[in-house]
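A.B. asks: Place chain B on chain A using the hints.
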Amino acid sequence: MSKGAAKGAPPEGSAYLSGVRRHLAALIDQGALELPMLPGVAAEVLSRSLEDHSDAARLAQLIQQDQSLAGHVLRIVNSPLFRGATEIVALRQAIARLGMERIREIALSASLGGAVFKQPDYQPIVDKAWQLALCSGLWSKEVARAGRRNVEVAYLCGLLHNLGVPLVLAALARVTEQPLARSDAQVLLQEFGAKAGALLGRNWKLPEAVIVTIEHIESFAEAEQHVDAVAVANAGRGIAALMLSGPLLSTEVSNLESIQHLNLYPDDVTQLLAARDTVRQSMESMSA
Amino acid sequence: MNRFDVVVIGSGPAGQKAAVGAAKSGRRVAVIEQSRNIGGACVHFGTIPSKALRERAVERRKFAERLAALGMPSEAPVADVAGLIGEMSDVVAAHDVYMSQQLTRNGITVIRGRASFLDAYRVRVLHTDGSAEILGAKNFVIATGSKPRTPDNVPIDHEVIFDSDSILSLAYLPESMVVFGGGVIASEYASIFAVLGVRVTMIDRFPMPLGFLEPELVRGFLEGFGGYGGTFIGEADVESVRFDGVSQVVTRLVGGREIRSEKVLCALGRRSLLDGLDVHKAGISVDGKELIPVNENLQTVMRHIYAAGDVIGPPSLASASMEQGRRAACHLAGLDPGTQGEWLPSGIYSIPELSCVGLTERQTQERYGAASVGFARFDEVARGHISAASRGLLKMVASPDRVVRGVHVVGDNATEMIHIAQMGLIQGATVDTYVETVFNFPTFAESYRVAALAVAAQLDASKSTASRPVAGDRDVA
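Top line first, the protein sequences correspond to chains A and B.
Numbering-wise (this note's numbering), the first sequence opens with residue 1 and increments by one.
Numbering-wise (this note's numbering), the second sequence opens with residue 289 and increments by one.
Just chain B, with the same shape it has in the complex:
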């Protein structure tokens, strides 16, 4: 039996940071990875490849639009998906190399195989050739991630009906695609394929996609999606899905409506990946949602076993998983992980991009009694015109004491822009902070000042009642 101080199961964002953190504290660390490559679903099926594909799609769309503006109409937006996937694969491969080197540099042993607990201090690792080995450790970190959730009435075959892990195995762009779901993954892929020229129909049981976002952002998403030819069908339940034997998948909704498409993507969320891990043999139980309960230190009920990332549930963001992995490593090494950041931004890499941090308008009203709201449309800032990206919007929410409580952005660079708000929230910035701060000109960041001016004007006019301004009802000082 091979003995280590720490055995990390999974090499995704959580596992990788946990392993590196533990190794840097002087522990002898092994990472067990069941895939051929390091990085988990984040690198190979999700975060990295979908974002890489998105960037390529946006580039092509902009290029086609630019050609059209110059009087050289092209067959927009074009699409050799093999080329797109090839470029995407290069990004993934580069990331894989980077991460492998990081593990090697820190003296971490990487073992390819599937882990299953034998008891609370030993795991068995099964290799693809059927051989097995046993590892013992003082500490374990379970970071096995998640896999797509698929309902029984959607027969995923990875040929015409895909899940979010197999959709990027497409060899060509279909003419039409139905996307089940209205969450982050569904919205990202639906908009990316729409931009690539695929006729996309999103179907979700809720009235609007991305229901956890501010309604202005959802509208911005739907306008963009619709502008690329996408259709959203809300409040619809899928009754059955079948391939017609020739070329079309027939999706039948409850009520009888049928929608035909060349491909279907089922993106109805993800669930923890604990298959075959036998956590119960280590004394750990999963909850009703098949998640591993942990305390604030990421410890399971067996205190020497930690869990991090998607296996412990929301927010299921790569960024949060990395931090959880790091904190688990710090705790098991007896190091102070520092204060956990309260303000976690969310980024949705759809087209248009969406991002938010802090409270929504309603949450601010509930918590502080009232909320003042200011908007800045990207067509009100010079950078929006320069970049031909005038469809964006920034929404700022402040409480009556003038403190900014949340910022929500839709449009180009939203996921980058949001970090200004994140820093502001950490520092307790008021609307005046943004009004009095000089930003580079011309930038999208100017939107902060535009929105802050609108909020400040409302607060100055009425300090007791929150009111709703009309976007654009303000002047930039």
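Chain A on its own, in the form it takes in the complex:
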């Protein structure tokens, strides 16, 4: 898709926005969206010698924290070349199944082959989305732990729940000559984010729970399957959003619909939020 439909149109105005909207819809219908890689993490992967155990542990951590790389690794390990009798649904399973060396190769290949996860025109939105994704993944793990749901799947669902954001923004950068106003971009993200993310998830053959999460993160109760997994991610995202925007109050967390769906009582929430320092430290370390 070129910049054709929107080219020449004024960067503001409903007609222009409608043209972009049509373009995006066509891109999604054609499944022509690509997810670029995060250069910082990719560079770190490349810079490290992974011969000893501690570096292998570092690689595992890098994969866990990199939304794009995590998706790539899962897609590749589930390809006919590597996939055994069962689907690989978690990063740690992938590491255990294929070994660190193979995962390193996959990670490097994915890093080298991928495009750049950077949209200068929309960097503040991308940065915010990435922070939210990372924080949601970390909190989703804690919510899953508190609710006795699968922790590894929870992390993936939280981390990848807004996979569509960079995808849509990348597409916007391709189809428009000038960046849209932030509010217009947000409107389009709201409209196409989940659809684009789910499309990519399907193309990558991500675990069904992740795809359902991307589709239903805003309305977990409407998911026909994996409702609890989506609720966990919704709660993780809700807590992440609260933490990133100000003080994290247990009363606000308790009021999240998904927290109630998961049957977490106020004292459970208090215990859950005891992980805030750990999450914050993980965020800082991953963002460094």
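There's no promise every hint is true.
Unchecked claim - With the C-beta cut set under 8 Å, the calculated list includes, among others, these residues of chain B facing chain A:
# : residue
1 : Arg402
2 : His446
3 : Glu447
4 : Tyr460
Just so you know, these hints were derived from the structure itself, not from any lab.
Only a predicted model underlies this, so the values are computations on that prediction, with no experimental measurement involved.
Think of the CB as a built atom: it goes at the ideal place given N, C-alpha and C, for glycine as much as any other residue.
C.D. replies: Chain B only, in chain A's frame:
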């Protein structure tokens, strides 16, 4: 304040039967359940899901074995755990619906929340949104069940180190698993995962798992478990458990030996779940094992408050809990609960299945001076061959007066077969009862006759001294 005749705290097997029993006697009943669903740990973490998973595992194993026998080797036994868990969830959901309907049908009010006693006649119920309500009642039944027991040196994270309530949240089958414990739950899960193709290592401080069972049954379990690639390490204490940061959990035993596995299941028993219930405010104390003492009518020291199920301790079987709940309801309603059955069967849903009722060989010797023992191997009955289930064994124990005192079974259908023995014990059946009874042919029940013939032969030969026959030393008449 909402007032009821009876408030039941917990909706597991004990609570449910207590609530239904009380409602059927005309009482206005409320059940307080802290979980989202009815049924307690039995339905959502334990009895029902693990048995459902077991059935699926056995089906797949048999299917794979059958294919192999037909010359079509498959990747046995296979394993898409998400599919297995999905099927299991269907069973759990069906059971949940059934139980909810039963409560509704009997006009029972179900209140979701966490209960805590304010005094002997009032409880406060806290909801997930932080709101609360107070309920008053003439009678209470405490049936809050149990939760996994975890030692301090096992850092359960529900991610790589699980307890028995979280193990079924697995999204995939690991390649290897270490199971701590040698009791019922540990043995069940260890054997199920071994059958599903996981390399399982059981670690226990005792020399053998399931030490309360007859040694022949334990051997049968270990043979089956070992046949599926499982390993049992006895007389071993766990010193530390840690995740290596990449993919393996390192279990270090006292003495220095280290065992690496992808996952760890800590199944070292369960303890009563009384957290936040504040029973002391109702005038009730717990004993040294954190259990609520009750009398023969399931009454606590506060006679209008009953307790049933895992909160009062062994046998901690769903079947026993249901009966306790029913008896508590009868007593508070002034109804005769009937005579309490003396013979309670035990069922262990491992692979192979194990079950027993009545006395062991040693208990029979201690109580009656001598014990005669007969065995029937499943490869001695036609059904064993037909079902390709020849690994089973039935052990019958009789006292010198020819009365059968106990029966112990390992193998397919053990938990069903045991009820023949249970009825026999209730009726005081002798070995001759089993010898002279015609069973369907071909069935596993024939094993009773085979074992009874062996016992009868010994008793006929020597009426004073118990002797140990060699399995198979008998003919079927």
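A.B. asks: Indicate, hint by hint, whether the structure satisfies it.
C.D. replies: Verification of the supplied hints:
1. Given hint, Arg402 (chain B) at the interface with chain A, holds; its Cβ is 6 Å from that chain's nearest Cβ, closer than 8 Å.
2. With 8 Å as the threshold, the beta carbon of His446 (chain B) comes within range of chain A, its nearest partner Cβ sitting at about 5 Å, so the hint holds.
3. For Glu447 (chain B), the suggested interface contact is upheld, since its CB lies about 4 Å from the closest CB of chain A, less than 8 Å.
4. Taking 8 Å as the C-beta cut-off, the interface hint given for Tyr460 (chain B) holds, the closest approach to chain A being about 5 Å.
Hint compliance for this structure: no hint is broken.
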